[in-house]
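Could you build all of it, start to finish, from the sequences and the hints given here?
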Amino acid sequence: MAKDWLIEAARKAGLVDTGHYRLDLEGLPMADAWALVAKAFAVTQHELARQVAAFYQLSVADFDTAEPRAARLVPERFARRHEIFPLREDGRTLVVATCDPTDLDTEHSLAFASGLAPVFAIASPEKIREAIQGGYPDSQPASLIMENLLSSVDGQHIDVVLDEVRVLSEEEQNPKGETQHDDAPVIKLANLIILEAINRRASDIHIGPGPGGAAVRFRIDGVLQDYMQMPIPALNRVVSRIKILGKLDITDRLRPQDGRARITVKDMAYDLRISTVPTRESENAVIRILDPRGSKRFSDLEFRGPELESFRKLLSHRSGIVIVTGPTGSGKTTTLYAGIRELATGDVNIMTVEDPVEYELPGVTQIQVETDRDVTFAGALRAILRQDPDVIFVGEIRDLETAQVAVQASTTGHLVLTTLHTNSALSIISRLADLGLDLFTIESVIRGALAQRLVRRLCVHCAQTVGEDEELKPEETQLAERYSMRPVKRAIGCDKCLLTGYHGRLPVAEVFTMDYQMAQLIAKGANPMDLERAAIQNGMRTMLRAALDRVAAGETTLEEVARVLGQSSEEVTPFVVEAPALAAAPAPEAAPAPAAPAARPERPAEPEETLPSEGPLEAPHILVVDDDPMTRRFVRALLEHHEYRVTEARNGTAALELLKTEGGNYSLILLDLNMPKLGGPEVLSVLRSDGATSRLPVVVLTAANGTSEVSLLNQGADDFVSKPIVPDRLIARVRAYLRRAEPSRGR
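For the sequence shown, the working numbering gives the first residue as 1, with consecutive numbering after it.
It is possible that part of the hints are untrue.
[What the hints assert, rightly or not] Label pairs and their in silico Cβ distance ranges:
{"no.": "1", "residue 1": "Ala732", "residue 2": "Gly679", "range": "56 to 66 Å"}
{"no.": "2", "residue 1": "Asp291", "residue 2": "Pro474", "range": "48 to 58 Å"}
{"no.": "3", "residue 1": "Arg200", "residue 2": "Val60", "range": "13 to 23 Å"}
{"no.": "4", "residue 1": "Glu481", "residue 2": "Tyr516", "range": "34 to 44 Å"}
{"no.": "5", "residue 1": "Arg69", "residue 2": "Asp267", "range": "44 to 54 Å"}
{"no.": "6", "residue 1": "Pro256", "residue 2": "Arg200", "range": "22 to 32 Å"}
{"no.": "7", "residue 1": "Ala111", "residue 2": "Glu26", "range": "44 to 54 Å"}
In case anyone wonders, no lab produced these hints; they're calculated from the structure. Glycine included, C-beta positions come from ideal geometry on N, C-alpha and C.
Here it is in structure tokens:
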């Protein structure tokens with residue numbers, strides 16, 4: 001049985017059972033089990049603790065040496081729940097009094113919560129409870145602390161706070177184990193924090209431990225601002241109250257939890273998204289405040305300029321994928337909601353899959369992701385494909401499975417709108433490739449992408465115009481020189497903007513649209529820099545340029561642009577992209593494929609040939625013959641990515657020299673058609689006339705017309721691959737001919 005070790009420890013010590021008690025410990029609380037065994041063997045619980053300690057070769061807990069700082073490492077609720085008490089710590093270990101040395105779950109949880117290695121010392125349950133009572137502050141002082149916090153808040157009528165903030169559908173009874181005599185101060189303080197956050201237009205509330213105690217901070221216009229300091233005991237109770245609002249487990253402080261609640265403030269409804277995570281000292285809680293009626297149109301968001309026109313064109317497509325990207329809190333979902341509201345004219349079926357549903361959209365079917373009920377992004381997306389939708393909004397593409405279902409939907413006559421977390425519009429290409437989509441699929445289904453940030457708007461009440469002859473501040477001078485622009489307005493601060501100088505936020509965005517040139521570059525594996533240059537050449541305006549236009553219009557400042565976009569932001573000089581940079585694609589047959597290899601730097605000099613790459617001894621050896629070094633490196637990286645050995649030859653003459661000495665070492669030749677001096681047809685003719693290489697498979701890389709290709713086949717070429725090279729097609733051809741030529745080595 002679970003507690004038979006207690007009886008065994010007593011008998012091992014030579015204690016004699018009196019026979020007056022039936023020693024069945026199954027189902028008994030630990031305190032009752034200790035009491036029963038002590039009575040059965042006619043010893044005190046302290047003596048029984050000594051015997052248990054000897055049985056397990058542990059020490060007996062010495063509460064006289066307990067250190068107050070050790071108690072701060074373990075929350076009181078955890079100590080009471082697991083019947084343990086921290087005694088002392090030395091930076092590496094934490095000595096803990098316990099009445100159950102066999103409880104490995106508690107030991108692991110202690111290690112996680114404290115960051116130290118737990119060392120058990122044995123004590124009876126009654127001694128541990130006495131230590132907890134004396135070593136932790138009881139509820140009455142914490143109640144007084146919160147009353148003092150409430151009374152110290154200026155300008156608040158605390159008596160009406162409870163009436164202004166109401167929780168919808170809240171359970172009236174407290175969870176098991178909660179005391180109720182201090183509920184009023186806790187509820188008042190939690191409600192006050194929420195009420196003040198809403199009054200200050202905060203998007204998030206951050207409550208967690210900090211230096212010297214705990215801090216409450218509001219995120220207003222994207223920037224955290226301090227609101228209140230409080231002791232750790234008060235923090236624990238406020239976080240517990242918040243977890244009750246979100247219907248979370250308040251007894252579990254060792255695992256992250258997520259929940260949601262709906263409240264009304266002055267008869268206006270708000271949704272709260274609640275997230276808690278354990279920290280070393282306590283828990284950290286973040287509350288996202290959402291107004292369910294907050295969905296806006298583009299005119300309300302003050303989205304304007306060429307970016308709005310380009311994005312509306314993307315939304316006019318009837319198939320494909322349109323992506324809005326940016327970091328957390330950059331307004332991605334709000335922008336897509338504005339687009340959906342324009343599309344929701346009643347003659348199209350729009351369905352969404354979201355986690356969570358942030359705003360209610362009239363005329364739109366919205367599905368909430370519930371992983372506990374197996375409602376995932378991918379699963380819900382598959383289900384709604386049978387609902388005949390015209391437009392599908394997927395809250396976020398997070399994995400390959402969701403990406404593949406989105407691709408399937410986009411290729412069967414649906415417009416898919418979604419979000420990704422990337423830094424720029426063109427970064428979606430590498431991000432989707434990292435998830436496992438091949439480049440050919442990406443350029444086929446993506447219609448375009450919008451990347452955006454939010455910059456703070458200057459307060460109209462206190463913004464100061466900077467005169468032409470007025471001296472600039474040092475930081476303003478630096479930014480003005482960097483961007484070749486003199487700041488036209490300066491943030492000052494007043495009571496209307498809480499002394500920040502800003503009130504509200506404005507979007508700045510960049511939009512890239514997929515066209516033939518961009519599709520070709522992506523299929524070739526062009527690197528992000530080349531893609532961005534080509535997009536700018538085709539008319540894309542970067543976020544930096546859009547932000548500087550906001551500065552010129554007097555809507556924000558250079559300091560704000562530098563804060564949001566970074567002071568290293570620079571325009572990319574447009575130029576004509578003539579050749580793709582190096583990138584490899586994932587294997588078409590594999591599920592999630594590894595990320596493509598990074599581009600290699602240009603070599604200072606090209607040797608006649610390169611040594612073969614190292615690989616498995618059985619790996620087929622391929623000779624790549626091409627006079628274009630960029631193409632050679634691209635093909636080499638692609639083949640090495642699939643574990644082939646590769647040797648390069650820069651022209652036909654170098655290739656024939658290699659084949660004279662080691663022709664039998666090659667399994668396949670990739671031969672460029674047009675090369676100076678000795679071209680592909682000439683090399684092929686030599687190979688087929690030599691008995692040593694007459695049966696060596698040759699795949700020609702060509703951009704020529706069909707007549708030349710027929711001629712090459714007649715000369716003995718096994719196949720040809722058209723340029724520009726599509727990675728998955730080339731790999732498929734290579735595998736096919738290796739299987740035919742050398743079945744034992746086919747891959």
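**Prompt:** Taking the CB of aspartate 291 and the CB of proline 474, does the distance hold inside 48 to 58 Å?
**Reply:** violated (40 Å)
**Request:** With 34 to 44 Å as the target window, see if glutamate 481 and tyrosine 516 comply at their CB atoms.
**Result:** holds (40 Å)
**Item:** Range hint 44 to 54 Å (beta carbons of arginine 69 and aspartate 267) holds or violated
**Value:** holds (48 Å)
**Request:** Hint says 13 to 23 Å; check whether the CB-CB distance for arginine 200 and valine 60 agrees.
**Result:** violated (55 Å)
**Request:** Just tell me: holds or violated, for the beta carbon distance of alanine 111 and glutamate 26 against 44 to 54 Å?
**Result:** violated (29 Å)
**Asked** Is the distance from the Cβ of alanine 732 to the Cβ of glycine 679 consistent with 56 to 66 Å?
**Response** violated (26 Å)
**Asked** Does the Cβ pair proline 256, arginine 200 satisfy 22 to 32 Å?
**Response** Distance hint for proline 256, arginine 200 holds at roughly 27 Å.
In this structure, the earlier hints numbered 1, 2, 3 and 7 are contradicted, and the remaining ones agree with it.
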